[in-house]
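Assemble chain F onto chain X, guided by the hints.
Protein chains: 2
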Amino acid sequence: MSILVVGSLAFDDIETPFGRSDNTLGGSSTYIALSSSYFSDEIKLVGVVGNDFEDNHFRLLHNNGIDTKGLQVIDNGKTFRWSCRYHYDMNTRDTLDTQLNVFADFNPHIPLQYREAKYVCLGNIDPELQMKVLDQVSNPELVILDTMNFWIEGKPEELKKTLERVDIFILNDSEARLLSGDPNLVKSARIIRNMGPKTLIIKKGEHGALLFTDNGIFAAPAYPLESIYDPTGAGDTFAGGFLGHLARAGEINDTELRKAVLYGSAMASFCVEKFGTEKLANLELLEIEDRYQSFLDLSKIEE
Amino acid sequence: MSILVVGSLAFDDIETPFGRSDNTLGGSSTYIALSSSYFSDEIKLVGVVGNDFEDNHFRLLHNNGIDTKGLQVIDNGKTFRWSCRYHYDMNTRDTLDTQLNVFADFNPHIPLQYREAKYVCLGNIDPELQMKVLDQVSNPELVILDTMNFWIEGKPEELKKTLERVDIFILNDSEARLLSGDPNLVKSARIIRNMGPKTLIIKKGEHGALLFTDNGIFAAPAYPLESIYDPTGAGDTFAGGFLGHLARAGEINDTELRKAVLYGSAMASFCVEKFGTEKLANLELLEIEDRYQSFLDLSKIEE
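One line per chain: the protein sequences are X and F, in this order.
Going by UniProt numbering, the final residue of the first sequence carries number 303, and the count climbs one at a time with no gaps.
Going by UniProt numbering, the final residue of the second sequence carries number 303, and the count climbs one at a time with no gaps.
Bound conformation, chain X alone:
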């Protein structure tokens, strides 16, 4: 099942209590694409980079079977750069610097051969750009959207308009409270699902994730990791694994949605074990299935 991924690509400088990593390939679409690439051979990436995006970066994506024909390379421009420092508890971070560079003028153009993609994943970018993507694709079976507080606060109306065309919406608990205006997550979920997305996933970081559908609520635990080196990209990686499993399953029902949440959680748990995409870009399918099994075991009760 073909997956179109649209979002940001960036070079990140990341500092955590465990060390630092500079010039590491990042960006929402990078994490989503890498994560979903373990489940599908048809990952089509659309984004914009500068001429500092080198062969080894393209190679990293190609080695994971990601189609980069949709990447716009701006010859005289620089790729989006972001740098941050995580606090001791790793749950909070300070953005030290943001240089949008070529990303400031990003105008997603979906190549003809991408427009028939069955699944469309809109990474965390301006909701107006997300809308532009939806205007170019020919009715996909599934549209997944991710966002962040920056857009919820900055472009709430544009976001809500875009949400009307979204099937599955992924955001974290504080963003859900912000968008709904209600501190209670169950009430928030009802309010947000009324904005359009029938399926809603609220990520709770180290506390797992909640899946809301017409058939009820699914609570996925977080994997109790002994060491978290870098949380960067965990949310996008979750989305990629979630989406990837659905594409692999080829059908969407409550059982597959619940499994997809665990696969997304499994991928995210790998992501944070090393800096940037280091771990994510070098996984074996067997590791993924093992981690998925550990997630099942975490909440299993033998009868």
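You may find that some hints are simply not true.
Chain copies aren't distinguished; within one or between two, either way the pair holds.
What the hints assert, rightly or not - Straight-line distance between alpha carbons at most 25 Å, and here's what the computed SDA-like set of lysine to any residue pairs gives:
no. : residue 1 : residue 2
1   : K155      : G19
2   : K198      : M131
3   : K274      : G181
4   : K204      : I152
5   : K187      : Y292
6   : K187      : D297
7   : K204      : G216
8   : K187      : G19
9   : K204      : G181
10  : K300      : R190
11  : K279      : I301
12  : K132      : N149
13  : K161      : N149
14  : K187      : Y88
15  : K160      : G181
16  : K161      : D126
17  : K187      : F18
18  : K204      : K300
19  : K274      : P17
Keep in mind that the hints were calculated from the coordinates and are not lab data.
Just chain F, lined up with the frame of chain X:
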């Protein structure tokens, strides 16, 4: 299976964003005893109250089948009083007033007919008093202990000495980090289990609970409630339901421990739906089994 419960009894004045409740019967042992009373007919309560502890309070306990012969009633004294106000998010509260009264001189005396109790539950009181209780009982099959940051900071050595004689230790995530000195819960669990308790439960409030045993980790979700009126006693109620199920099951293994965590979570989810012990004192077994089933469904994946 007989259960000895030792802890505090109090009258609470509670204020939450949803209203207030004054002079409501509370205290750790009250919540533990009421919660476990739905699973066992042999709940034996030891604590101290003043002559302001009236017939209707005894009646409430007796109506739930709780044996109160172990309650010391101090004729010229007043019962422990505590008043608090919860913040908007209900996750934090301010203690407005604490009057220990007769509880200040509490010296637990275990009646002869209680000393053979199979299970002993030490509610959140001074670890030195918890030790005094263990000195009076004749080798119980199971000792469960609850505590709080007040004792972890105030009497760490006494607490650690007592923990050496404990089978199951229940505390919350911030207390676990405080006691272990490690922010990571998996590492905290290993450090704390090395202090004595083979089985450890770390409560995470609205995020569920983690069970650590020699056989691995179990992650229990929290029930996504639409309205939480009063979190007071939820932790003690959890302990009571957990303990109660184990007593009812009559055997202790990983499966029963995992089920017990869900029954404890189910009881806690009822507790917070009304003020004080109001809901907890008036439940039907069927409701409890239904709520338990909803907890199972929360993390179930059909195959």
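The hints, checked one at a time:
1. For the homomeric pair K155 and G19, neither the shortest alpha-carbon distance inside one copy (35 Å) nor that between copies (36 Å) is at most 25 Å.
2. Taking CA atoms no more than 25 Å apart as the test, K198 paired with M131 passes inside one copy only; the shortest distance there is 18 Å, against 55 Å between copies.
3. Taking the shortest Cα distances, K274 and G181 sit within 25 Å of each other only across copies (24 Å), while inside one copy they are farther apart (35 Å).
4. Taking the closest pair of Cα atoms, K204 and I152 come within 25 Å of each other only inside a single copy of the chain (18 Å); across copies the shortest separation is 28 Å, beyond that limit.
5. For the identical chains of this complex, K187 and Y292 are inter-copy neighbours only, at 22 Å across copies versus 30 Å inside a copy, given an alpha-carbon limit of 25 Å.
6. With identical chains, the CA atoms of K187 and D297 are at most 25 Å apart between copies only, with a shortest distance of 20 Å across copies and 30 Å within one.
7. In this assembly of identical chains, the alpha carbons of K204 and G216 lie at most 25 Å apart whether taken from the same copy (18 Å) or from different copies (23 Å).
8. For a Cα distance limit of 25 Å, the shortest separation of K187 from G19 across copies, 20 Å, qualifies, whereas the shortest one inside one copy, 40 Å, does not.
9. Proximity of K204 and G181 under a CA criterion of 25 Å is satisfied in both settings, with 17 Å inside one chain copy and 24 Å between copies.
10. Proximity of K300 to R190 under the C-alpha cut-off of 25 Å is restricted to the inter-copy arrangement: shortest distance 22 Å between copies versus 28 Å within a copy.
11. In this homomeric assembly, K279 and I301 never come within 25 Å of each other (Cα to Cα): the closest approach is 31 Å inside a single copy and 28 Å across copies.
12. Proximity of K132 to N149 under the C-alpha cut-off of 25 Å is restricted to the intra-copy arrangement: shortest distance 20 Å within a copy versus 53 Å between copies.
13. In this assembly of identical chains, the alpha carbons of K161 and N149 lie at most 25 Å apart only when taken from the same copy (16 Å versus 48 Å across copies).
14. Proximity of K187 and Y88 under a CA criterion of 25 Å is satisfied inter-copy only: 16 Å between copies versus 32 Å inside one chain copy.
15. Proximity of K160 to G181 under the C-alpha cut-off of 25 Å is restricted to the intra-copy arrangement: shortest distance 14 Å within a copy versus 44 Å between copies.
16. Proximity of K161 and D126 under a CA criterion of 25 Å is satisfied intra-copy only: 12 Å inside one chain copy versus 57 Å between copies.
17. In the homo-oligomer, the alpha carbons of K187 and F18 lie at most 25 Å apart only across protomers (16 Å), although the nearest pairing inside one protomer, at 38 Å, exceeds that limit.
18. Taking the shortest Cα distances, K204 and K300 sit within 25 Å of each other both inside one copy (20 Å) and across copies (19 Å).
19. Taking identical chains as interchangeable, the C-alpha atoms of K274 and P17 lie at most 25 Å apart only when both belong to the same chain, with a minimum of 13 Å there against 42 Å between chains.
In this structure, the hints that do not hold are numbers 1 and 11, in rising order.
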